[in-house]
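Chains as they are written, first to last, in the working numbering: chain U, 1 to 238; chain H, 1 to 121; chain S, 1 to 109.
Keep in mind that a hint or two might mislead.
Said to hold, decoys possible - List time: in silico EDC-like cross-link candidates among lysine to aspartate or glutamate, alpha-carbon distance up to 20 Å:
id, chain 1, residue 1, chain 2, residue 2
1, U, Lys-77, U, Asp-26
2, U, Lys-96, U, Asp-182
3, U, Lys-12, U, Glu-144
4, U, Lys-77, U, Asp-32
5, H, Lys-66, H, Asp-54
6, U, Lys-111, U, Asp-163
7, U, Lys-108, S, Asp-39
8, U, Lys-111, U, Asp-182
9, U, Lys-108, U, Asp-42
10, H, Lys-50, S, Glu-75
11, U, Lys-83, H, Asp-54
12, U, Lys-96, U, Asp-26
13, U, Lys-12, H, Glu-7
14, U, Lys-96, H, Asp-54
15, U, Lys-77, U, Glu-3
16, H, Lys-99, H, Asp-16
17, U, Lys-77, H, Glu-7
18, U, Lys-108, U, Glu-144
19, H, Lys-66, S, Asp-39
20, U, Lys-83, U, Asp-163
21, U, Lys-111, U, Glu-127
No lab work stands behind these hints, which were simulated from the structure alone. Bear in mind that the values here come from a model prediction, so they are computed numbers and not experimental data.
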Amino acid sequence: MAEIAVSLWRGKADGNYQVYRVPQRDNQTVLDVVTWVQRNVDPTLAYRFACRVGMCGSCAMTVNGRPRWTCRTHTAKVVNNGKLEIGPLANLPIIKDLACDLRPFFEKWQKAKGVFSPRLTRQDTIERIVPTTAARLAADAAVECINCAVCYAACDTVRWNADYLGPAALNRAWTLLNDVRDTGNRQRLAAVAATGGCHACHSHQSCQQHCPNALNPTASIAGLKRHTMQAYLRGELE
Amino acid sequence: MNGKRGEPNTGGHRRDPLWLAAWLHRISGLALAAFLPLHFLVFALVLSSKAALDGFLRWTANPAVKVAEAGLVFLLTLHLLGGIRILLLENLPWFAGHKQLVAGALLTASMLALVFLVRAA
Amino acid sequence: MNVRLYVLQRASAAVMAPLLLIHLGVIFYASRRGLSASDILARTRGSLFWGAFYATLVVAAATHAAIGVRVVASEWTRWHGGMLEALMWACGLLLAALGLTAVAAVVLV
Numbered sequence: 001m002a003e004i005a006v007s008l009w010r011g012k013a014d015g016n017y018q019v020y021r022v023p024q025r026d027n028q029t030v031l032d033v034v035t036w037v038q039r040n041v042d043p044t045l046a047y048r049f050a051c052r053v054g055m056c057g058s059c060a061m062t063v064n065g066r067p068r069w070t071c072r073t074h075t076a077k078v079v080n081n082g083k084l085e086i087g088p089l090a091n092l093p094i095i096k097d098l099a100c101d102l103r104p105f106f107e108k109w110q111k112a113k114g115v116f117s118p119r120l121t122r123q124d125t126i127e128r129i130v131p132t133t134a135a136r137l138a139a140d141a142a143v144e145c146i147n148c149a150v151c152y153a154a155c156d157t158v159r160w161n162a163d164y165l166g167p168a169a170l171n172r173a174w175t176l177l178n179d180v181r182d183t184g185n186r187q188r189l190a191a192v193a194a195t196g197g198c199h200a201c202h203s204h205q206s207c208q209q210h211c212p213n214a215l216n217p218t219a220s221i222a223g224l225k226r227h228t229m230q231a232y233l234r235g236e237l238e
Numbered sequence: 001m002n003g004k005r006g007e008p009n010t011g012g013h014r015r016d017p018l019w020l021a022a023w024l025h026r027i028s029g030l031a032l033a034a035f036l037p038l039h040f041l042v043f044a045l046v047l048s049s050k051a052a053l054d055g056f057l058r059w060t061a062n063p064a065v066k067v068a069e070a071g072l073v074f075l076l077t078l079h080l081l082g083g084i085r086i087l088l089l090e091n092l093p094w095f096a097g098h099k100q101l102v103a104g105a106l107l108t109a110s111m112l113a114l115v116f117l118v119r120a121a
Numbered sequence: 001m002n003v004r005l006y007v008l009q010r011a012s013a014a015v016m017a018p019l020l021l022i023h024l025g026v027i028f029y030a031s032r033r034g035l036s037a038s039d040i041l042a043r044t045r046g047s048l049f050w051g052a053f054y055a056t057l058v059v060a061a062a063t064h065a066a067i068g069v070r071v072v073a074s075e076w077t078r079w080h081g082g083m084l085e086a087l088m089w090a091c092g093l094l095l096a097a098l099g100l101t102a103v104a105a106v107v108l109v
């Protein structure tokens with residue numbers, strides 16, 4: 001039976017790759033490979049997954065240098081000359097092996113004011129939202145983010161600029177900016193116009209190229225740039 | 001069996017054409033910024049005398065200098081066209097075809113530099 | 001990078017785009033036969049148009065380059081805060097001073 005020589009990152013930031021020989025099967029995903037190693041060779045291997053069907057984003061890892069969902073990556077597509085390399089996501093502290101600490105990612109989400117601030121309460125009538133307005137279409141185009149951090153891991157501006165809020169947080173801020181039910185836009189615009197906000201983005205489009213949900217944070221961030229620029233020129237920002 | 005030490009390999013995205021375009025944009029910008037003071041100092045030579053400027057300009061007829069100048073034409077055109085693409089991306093509704101635009105910019109910059117070189121020969 | 005620097009960076013880029021297309025035209029026209037001081041000065045000496053054109057280009061380029069260099073330094077070096085601010089102003093003022101001197105040199109009679 002064919003085998004894959006799989007290099008898995010072991011340890012923390014000062015760890016190294018270790019090679020395991022894994023049987024190659026038809027219809028096998030990279031998550032299957034990692035699971036096989038943990039069950040058959042080394043139970044101390046640390047990794048994350050949940051749904052294993054491409055809905056939750058928990059299994060995101062670096063495969064041959066790129067961040068992807070391992071449950072949606074077939075080995076047939078990525079094995080090169082019988083070799084495969086798997087590591088933890090980039091730009092985040094490594095907890096152990098293939099699992100990294102997502103706290104900085106979520107802290108930046110909060111910092112970008114990626115949190116819904118409602119105007120109505122449960123006592124009020126549910127607000128009717130017209131789905132075809134430009135604002136709602138813009139929000140809907142960006143709203144399917146499941147916080148998998150693949151875009152964050154793919155972004156060199158995140159790597160080079162510790163203050164940069166990152167594509168996912170800014171993409172979420174954009175959806176809320178376009179949400180007519182939200183009341184937090186003054187603080188949100190200020191948050192994304194500060195150092196490390198949307199203006200740090202260089203439009204590399206690595207986020208858009210790697211998003212497993214085909215979202216486009218580059219476009220969302222461009223929208224934030226337009227809104228903040230207009231607010232600034234009107235004197236509504238400091 | 002131990003593999004290589006160091007840090008996890010996470011640079012795969014740097015093989016993408018749009019990332020390369022951004023990197024070229026940055027390098028060309030730095031190169032142009034470094035060149036500008038020299039460019040300005042050359043014209044300021046005329047403050048000493050017209051002959052001083054003429055002397056320098058005659059030196060630029062040297063083929064090696066012409067190649068360097070063609071390189072500058074390439075960098076300027078590339079940075080200019082790439083910059084226009086970014087201005088459009090940031091100020092217009094999203095459009096597709098960025099990879100094609102990048103390829104077009106590289107082609108135009110190369111052609112302009114080549115035409116410059118051929119005319120200088 | 002913040003909204004203020006961004007607006008200056010993009011505005012200076014937008015100003016330069018058409019000017020640079022013209023400048024590329026000038027480069028090709030001027031180099032149609034060997035470069036000479038007389039040729040260049042015959043166009044620029046006493047010309048209000050070229051004086052205004054190149055003075056604008058110089059100021060825009062100095063602004064754009066200074067902010068650009070600052071951003072690159074903030075991402076590719078360990079410089080921060082006051083050092084970045086100083087770098088930006090140094091680059092900008094140097095380019096503006098040298099550039100406007102060059103413009104004056106070829107325009108003023």
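Report the numbers of all earlier hints that the structure fails to satisfy, in ascending order. 2, 3, 7, 9, 10, 11, 12, 14, 17, 20 and 21
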